[in-house]
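Enquirer: As you go down the protein sequences, you meet chains A, B and C in turn. Counted the way the working numbering counts, the first sequence spans residues 2 to 162. Counted the way the working numbering counts, the second sequence spans residues 290 to 789. Counted the way the working numbering counts, the third sequence spans residues 43 to 395.
One thing to keep in mind: the hints can contain errors.
As the list claims (entries may be wrong) - Quick list of in silico lysine-lysine cross-link-like pairs, DSS-like style, CA-CA up to 25 Å:
#1 A:K59 to B:K782
#2 B:K454 to A:K59
#3 B:K454 to A:K127
#4 B:K453 to A:K59
#5 A:K125 to B:K511
#6 C:K241 to C:K221
#7 B:K719 to A:K59
To be verified - Here are some, though not all, of the chain A residues that point toward chain B, as calculated from beta-carbon distances under 7 Å:
#8 Y20
#9 P28
#10 A37
#11 P42
#12 L45
#13 M49
#14 L87
#15 V93
#16 A99
#17 I118
#18 L122
#19 V134
#20 I142
As the list claims (entries may be wrong) - Among the chain B residues that face chain C by a calculated CB cut under 8 Å, a handful are:
#21 P558
#22 S698
#23 N699
#24 V739
#25 Q743
#26 V746
#27 G750
None of these hints come from the bench; they were simulated from the model. We put the beta carbon where it would ideally sit given N, CA and C, even for glycine.
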Amino acid sequence: MMNFQAMTGIAAVIIGIAYSIQAYHLPRATVGNPLAPMVFPLILGLLMLVCGIILLVKEGIKKKEVTADQEKEKAKPKGLTRSTKLIIFTCVSSVIYALLFERIGYVLSTLLFMSSILFALNGKEKWKTNIIVATCFSISIYVVFLKLLSISLPLMPILEI
Amino acid sequence: MDTIFNSLMEGFQVALTPGHLFWVTLGGILGTIVGMLPGLGPATGVAVLLPLTFTMGPTAALITMCGIYYGAMFGGSRSSILINTPGDGAALAATFDGYPMAQNGRAEAALAMSAIASFIGGIIATVFMTILAVPVARFALQFGPAEYCLLMLAALSATASMSKKNIVRGFISMFLGLMISTIGLDAQSGVKRFTFGILELQTGIDFLVIIIAIYALGEVFKCFREVHEGKKKMQTKFGKIWITKEDWKKSWLPILRSTPFGFLIGALPGAGGTMASLMAYNNEKQLAKNPDDFGKGDIVGLAAPEAANNAASVGALIPMMTLGIPGSGTTAVMLGALLMLGLQPGPLLFTQHPDIAWGLIASMFIGNVILAIVNIPLAGILVRVLAIPPKILYPIVLGLAFIGTFAISNSVVDFYILIIFGVVGLFMNKAGVPTAPLILGTIVGNSMEVSFRQALVISDGSYGIFVGSPIAVTLIIVTIASIVFPFLRGFIKSKKTVEA
Amino acid sequence: MGMIQTQGSVLRKNRRDKMNFKKTIGMMVVLMLALALMVSGCGPSDSKGTEYPKKPIEFVVPGGAGGGWDLTIRTVEKVLKDTKLVPVPMPIINKPGGGGAVTLAHIQKEKGNDKIVTVYSPPLLLINLNGSTEYSYKDTTPLAKLIEDYGAFVVAKDSKYGSIKEVMDALKEDPKSIKIGGNSAVGSMDHIQFLLVAKAAGVKNLKEIDYVSFQDNAGAAQLLGGHVHLLSTGLGDVKALLDSGDLRALASTAKERVGEGVLADIPTCIEQGVDTIFINWRGLFGVPEMPEYAQKYWGETLAKMVETPEWAEACKRNGWTPAYADAEEFETFLDENNEKYKKILEEIDMLGK
Chain A
2 MMNFQAMTGI
12 AAVIIGIAYS
22 IQAYHLPRAT
32 VGNPLAPMVF
42 PLILGLLMLV
52 CGIILLVKEG
62 IKKKEVTADQ
72 EKEKAKPKGL
82 TRSTKLIIFT
92 CVSSVIYALL
102 FERIGYVLST
112 LLFMSSILFA
122 LNGKEKWKTN
132 IIVATCFSIS
142 IYVVFLKLLS
152 ISLPLMPILE
162 I
Chain B
290 MDTIFNSLME
300 GFQVALTPGH
310 LFWVTLGGIL
320 GTIVGMLPGL
330 GPATGVAVLL
340 PLTFTMGPTA
350 ALITMCGIYY
360 GAMFGGSRSS
370 ILINTPGDGA
380 ALAATFDGYP
390 MAQNGRAEAA
400 LAMSAIASFI
410 GGIIATVFMT
420 ILAVPVARFA
430 LQFGPAEYCL
440 LMLAALSATA
450 SMSKKNIVRG
460 FISMFLGLMI
470 STIGLDAQSG
480 VKRFTFGILE
490 LQTGIDFLVI
500 IIAIYALGEV
510 FKCFREVHEG
520 KKKMQTKFGK
530 IWITKEDWKK
540 SWLPILRSTP
550 FGFLIGALPG
560 AGGTMASLMA
570 YNNEKQLAKN
580 PDDFGKGDIV
590 GLAAPEAANN
600 AASVGALIPM
610 MTLGIPGSGT
620 TAVMLGALLM
630 LGLQPGPLLF
640 TQHPDIAWGL
650 IASMFIGNVI
660 LAIVNIPLAG
670 ILVRVLAIPP
680 KILYPIVLGL
690 AFIGTFAISN
700 SVVDFYILII
710 FGVVGLFMNK
720 AGVPTAPLIL
730 GTIVGNSMEV
740 SFRQALVISD
750 GSYGIFVGSP
760 IAVTLIIVTI
770 ASIVFPFLRG
780 FIKSKKTVEA
Chain C
43 MGMIQTQGSV
53 LRKNRRDKMN
63 FKKTIGMMVV
73 LMLALALMVS
83 GCGPSDSKGT
93 EYPKKPIEFV
103 VPGGAGGGWD
113 LTIRTVEKVL
123 KDTKLVPVPM
133 PIINKPGGGG
143 AVTLAHIQKE
153 KGNDKIVTVY
163 SPPLLLINLN
173 GSTEYSYKDT
183 TPLAKLIEDY
193 GAFVVAKDSK
203 YGSIKEVMDA
213 LKEDPKSIKI
223 GGNSAVGSMD
233 HIQFLLVAKA
243 AGVKNLKEID
253 YVSFQDNAGA
263 AQLLGGHVHL
273 LSTGLGDVKA
283 LLDSGDLRAL
293 ASTAKERVGE
303 GVLADIPTCI
313 EQGVDTIFIN
323 WRGLFGVPEM
333 PEYAQKYWGE
343 TLAKMVETPE
353 WAEACKRNGW
363 TPAYADAEEF
373 ETFLDENNEK
383 YKKILEEIDM
393 LGK
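Let the hints inform the model, and build the full structure from the sequences given.
Expert: Okay, here's the thing in structure tokens:
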């Protein structure tokens, strides 16, 4: 198992290289210096690469010191999987929420989204609280944003509201 | 001096009528509420509450707007302290020590200290503005593109090197933030950069979305783990641990130091509260006896940036009032509103409409007083948010995060960005990569690149322009010092202990 | 013993937690009721009958708050509301980005919608011509042209240039000698209007002229600080600094002198022997394929609006020249201008492929 420090270093190197390549292939500007739009990104990409390499080198030097931390990480795999599941669940419902938001409108989608998160986190036994909180949240946000602040939210496109 | 005093007194007469007092209070309270919602900072706050002022006279409208502006500034750090979610970039620094304080059971003290420090910063800065508006505006004009670029570099490197132990990771975070800021249409040439054919990406990614993603979603994810392990500490004692004498002794000097600093940075058009508060935080950390306490709930780490932030918000009014040039997103909205009211902000505002100009300054004093009065008892009420069980509180935070994101640009594409960077933030937290440099990078990245290129156009491609003025050289020294100083200090300390 | 005590205190603490939670929930309910009451009083009243409009009309601004587009549409909203010409709310939504390209793309997704109105000016044509966006003015429904504004070229009060001619002569000698600043993007309005004048004055190497694009209207501060030599901007944008004497206007791009006071003292380019004008027109647009009845409604309403004293007053205050043109005339106007801008961009080699 690799530790996070090394992973950060590798991620930085990969991002640095990928970004630099992308930056190099940016279209040229039609006015002024044609290379102007890519200078700054190129500098960024290269410096990112340098930082990643420094981190990896540092990591190589003191590799042995970190093993204690890894032991700790291994000690609680169960808690991790449970919360990881929850996080994945949240991400998936967020994506579904985003897909539904403009299609079925704000009120319904938010109601669904909030309920699903609440059921997952707060448990099925407390379904009453969950439904009350989800409903109150959707309605109060609707009131505050749409009525008081007149920020528009898609309401219920199906009903043409 | 006498004339200034007399004009100010006349201003107070204008501002202290019951009607105006009512409006500044109402504006302040509404602003606080709007400022607390994630994604709705002062700029959006003033913009969405603007219609409220349309039916008023110019003075009342301006005073109300000031109330909203300050209220939103105060409100932004409320949510930083309570749920680790800044309402705006300027409230970012309040999460560093404010949130740990809340977790240590001192939420109320943190809320009160933030209000008091903001109040002191705001009042002193208003005094500065009364006397020094013109010279400060002249000083701000000295900042050309090269100086702006270096100022942002100094702020970035100070933030990235905040934690001595993982300075490299700080810079990685900073570069990532700067990379995010390059996404979108290039403002100078119109070239599409890193948009991958997605139309909405042409506008670039709003830094507020990134803040909400990394802080609000990050907090929700963190809570998931803690809730299941039953570790989540919640404050249940309210009003027990107020600000102690010890706190005052530590905080008064940092507050006084950070105020003029924040005021000056705020007066530079486009620099603003985020940079002022982050740099003030870093200054105090360097000057502190125990810099390692910072980030663990040191009250100084909350008081200093809050004072600087509010002082900067006063400073930002200077370019608008003296030159008619908005110094920040918020003042841009206020400028537009002034024009709609038939007023022309600029050097002649004070001679043509002295009642309004001085009334505004007087209402800044009053607004600060009222917001402090409102916010200190409000601390006791707000802290009850923490009494909501986390299993219910965090889904609400999640819901607010999405709605706040939608309010920013009315686009669902931002939802996906929110989710992606929520996950990125999760990994960064796990890997011990600080997130503040990334946020500052996304906030200033665009302006930094633009001023970098503007400077090079002006100098015909010669990099000499970056050392071409005393201000530029000073800023370069500050940048280098911010990286070297923590090491130097550690070195001296270890030497001392060896000798002893 | 100690254990039991601790347990007891934990129990008490839990109870207190629950109490606090109940209190908080109670407070939330009270707050929401209060909000609901407040709102029920001020919600949009149901308009009777089936006639258009009965739902709120979204006013979409292609730029950020405080800019020229924003000010225009906010003024329209205020006048329509004050004169009660439009009975429904007109919430204003800012969708900035890409010099207007993002809003243009947004309205493509809303084809046939009768509840969206937006505002545009020359960048609508320019961003298509320079290749920033694939959509053009053909992908909108022009409703009416409302006002005209003009460009101005200003310098700091102690500048060595006394007229636009002197600037052009210096540029002929060395195109790098004067740094031009502006508040719009490269290849958009402020840039183009200067190049247009430079071309008319006989400057050859247009591509070599340095144009520095500033954001957030910072151009005036940069000019005052001496970081650029000349600012190409809108006539009304720097009025305050002209009034105070901090800045000096060399020329405007109007046909003849406009406005009053300090604005009326600004000579036109034509007066100084540079035969060109540049008009910054602003008008309202609907989404593509906007329904007939909606087009008709807005055409009639706007025609009425420009006749009101409130509108005249607003124009005067902002230094705008009222220049109403109905949808048909506006379309012809757009066609003509598109050809004109195309030629300009072609000459400075900024025409998108």
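Enquirer: Each of the hints needs a verdict: does it hold here or not?
Expert: Status of each hint after checking the structure:
1. A:K59 to B:K782: holds, 23 Å
2. B:K454 to A:K59: The given pair, whose Cα atoms are some 12 Å apart, holds under the 25 Å limit.
3. B:K454 to A:K127: With a Cα-Cα distance of about 45 Å, the restraint between K454 of chain B and K127 of chain A is violated, given a limit of 25 Å.
4. B:K453 to A:K59: Distance of about 14 Å is within 25 Å: holds.
5. A:K125 to B:K511: holds, 22 Å
6. C:K241 to C:K221: Holds, because 16 Å separates the two Cα atoms, which is no more than 25 Å.
7. B:K719 to A:K59: Distance ~19 Å between K719 of chain B and K59 of chain A Cα, so the pair holds.
8. Y20: holds, 6 Å
9. P28: holds, 5 Å
10. A37: Result: holds, 6 Å to nearest chain B Cβ.
11. P42: Interface hint status for P42 of chain A: holds (5 Å vs cutoff 7 Å).
12. L45: Hint holds; L45 of chain A Cβ to chain B Cβ min 5 Å, cut 7 Å.
13. M49: At 4 Å from the nearest chain B Cβ, M49 of chain A passes the 7 Å test, so the hint holds.
14. L87: holds, 5 Å
15. V93: Status violated, d = 9 Å.
16. A99: holds, 4 Å
17. I118: holds, 4 Å
18. L122: Holds: closest Cβ of chain B sits about 5 Å from L122 of chain A, inside 7 Å.
19. V134: Status holds, d = 6 Å.
20. I142: holds, 5 Å
21. P558: holds, 5 Å
22. S698: The hint holds - S698 of chain B has a Cβ within 8 Å of chain C, the shortest such distance being about 7 Å.
23. N699: holds, 6 Å
24. V739: holds, 6 Å
25. Q743: holds, 5 Å
26. V746: With Cβ-Cβ at 5 Å, under 8 Å, it holds.
27. G750: violated, 10 Å
Hints 3, 15 and 27 from the list above are not met by this structure, while the remaining hints are.
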